[in-house]
Amino acid sequence: QVQLVESGGGVVQPGRSLRLSCATSGFTFSSYAMHWVRQAPGKGLEWVAVISYDATNEYYADSVKGRFTISRDNSKNTLYLQMNSLRAEDTAVYSCARPPDRYSYGYYFEHWGQGTLVTVSS
Amino acid sequence: QSALTQPASVSGSPGQSITISCTGTSSDVGGFNYVSWYQQLPGKAPELMIYDVIYRPSGVSYRFSGSKFGNTASLTISGLQAKDEADYFCSSYTTSSTWVFGGGTKLTVL
Numbered sequence: 001q002v003q004l005v006e007s008g009g010g011v012v013q014p015g016r017s018l019r020l021s022c023a024t025s026g027f028t029f030s031s032y033a034m035h036w037v038r039q040a041p042g043k044g045l046e047w048v049a050v051i052s053y054d055a056t057n058e059y060y061a062d063s064v065k066g067r068f069t070i071s072r073d074n075s076k077n078t079l080y081l082q083m084n085s086l087r088a089e090d091t092a093v094y095s096c097a098r099p100p101d102r103y104s105y106g107y108y109f110e111h112w113g114q115g116t117l118v119t120v121s122s
Numbered sequence: 123q124s125a126l127t128q129p130a131s132v133s134g135s136p137g138q139s140i141t142i143s144c145t146g147t148s149s150d151v152g153g154f155n156y157v158s159w160y161q162q163l164p165g166k167a168p169e170l171m172i173y174d175v176i177y178r179p180s181g182v183s184y185r186f187s188g189s190k191f192g193n194t195a196s197l198t199i200s201g202l203q204a205k206d207e208a209d210y211f212c213s214s215y216t217t218s219s220t221w222v223f224g225g226g227t228k229l230t231v232l
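Protein chains in written order, with my numbering: chain F, 1 to 122; chain D, 123 to 232.
Among these hints, one or two may not hold up.
[Said to hold, decoys possible] For lysine-lysine, the following DSS-like pairs were computed, each having C-alpha atoms within a straight-line distance of at most 30 Å:
| no. | chain 1 | residue 1 | chain 2 | residue 2 |
| --- | --- | --- | --- | --- |
| 1 | F | Lys43 | D | Lys190 |
| 2 | D | Lys228 | D | Lys205 |
| 3 | D | Lys166 | F | Lys43 |
[To be verified] Chain D side only, calculated, beta carbon under 7 Å to chain F, not exhaustive:
| no. | residue |
| --- | --- |
| 4 | Tyr156 |
| 5 | Ala167 |
| 6 | Pro168 |
| 7 | Leu170 |
| 8 | Phe211 |
| 9 | Tyr215 |
| 10 | Ser219 |
| 11 | Thr220 |
[What the hints assert, rightly or not] Some chain F residues flagged as far from chain D (calculated, every beta-carbon gap over 12 Å):
| no. | residue |
| --- | --- |
| 12 | Gly8 |
| 13 | Pro14 |
| 14 | Ala23 |
| 15 | Ala55 |
| 16 | Thr56 |
| 17 | Gln82 |
| 18 | Ser121 |
Bear in mind the hints are in silico, worked out from the structure with no lab data behind them.
For every residue, glycine included, the Cβ atom is placed at its ideal position computed from N, Cα and C.
Between the sequences and the hints, there should be enough to build the whole structure, so can you do that?
Following this line, the structure appears as structure tokens:
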């Protein structure tokens, strides 16, 4: 079955960087676009970024554009999120999510990971 | 990229029906039939309940249904059960090639 397992979260000071990973299994990773979604403590969901199946295209939420970079390694079945210039408001659980269909960004999120907590604090 | 608007909370008694609204704009909810709904139990990952406004994934109870009129989508849960108590989030694709979520609605089964 589809499994998405995030890692790399932790406590980081404002202005510093962190890289998250999402290890996947149970499907052909290289055929699917992948998303990052975050949820601040006690708050709603916020879409962060998407990358195409072949890494040729990326889209970002305005709140992270220019600071975060989504990437993937299809040989390792792994998705990444490089987060730079972190701010307190970036504190959240970050989850990777997969759309339903191959080769498409998808219009909804069929599979989700459990998430990894990022806390930005001095 | 403003969040979609959902009521913070709704409640109902077992057996009743409730409806959760999700209001956006013509750039998201009103512009596409790409509204989805997610159920999130405490400490768990979100689970897809409705996609493309009205469709239920395999395994989701028929008690869950979706609809849309103009810029507002709705999730209706009929025959409310205690296990339906959870947070519910709507989401829509947007004209900016991004995705937007609602702020979430806490459903309490009385």
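Going down the list of hints, with the structure as the test:
{"no.": "1", "hint": "F:Lys43 - D:Lys190", "in the structure": "holds, 25 Å"}
{"no.": "2", "hint": "D:Lys228 - D:Lys205", "in the structure": "holds, 13 Å"}
{"no.": "3", "hint": "D:Lys166 - F:Lys43", "in the structure": "holds, 14 Å"}
{"no.": "4", "hint": "Tyr156", "in the structure": "holds, 4 Å"}
{"no.": "5", "hint": "Ala167", "in the structure": "holds, 4 Å"}
{"no.": "6", "hint": "Pro168", "in the structure": "holds, 6 Å"}
{"no.": "7", "hint": "Leu170", "in the structure": "holds, 6 Å"}
{"no.": "8", "hint": "Phe211", "in the structure": "holds, 5 Å"}
{"no.": "9", "hint": "Tyr215", "in the structure": "holds, 5 Å"}
{"no.": "10", "hint": "Ser219", "in the structure": "holds, 5 Å"}
{"no.": "11", "hint": "Thr220", "in the structure": "holds, 6 Å"}
{"no.": "12", "hint": "Gly8", "in the structure": "holds, 17 Å"}
{"no.": "13", "hint": "Pro14", "in the structure": "holds, 23 Å"}
{"no.": "14", "hint": "Ala23", "in the structure": "holds, 15 Å"}
{"no.": "15", "hint": "Ala55", "in the structure": "holds, 16 Å"}
{"no.": "16", "hint": "Thr56", "in the structure": "holds, 14 Å"}
{"no.": "17", "hint": "Gln82", "in the structure": "holds, 19 Å"}
{"no.": "18", "hint": "Ser121", "in the structure": "holds, 22 Å"}
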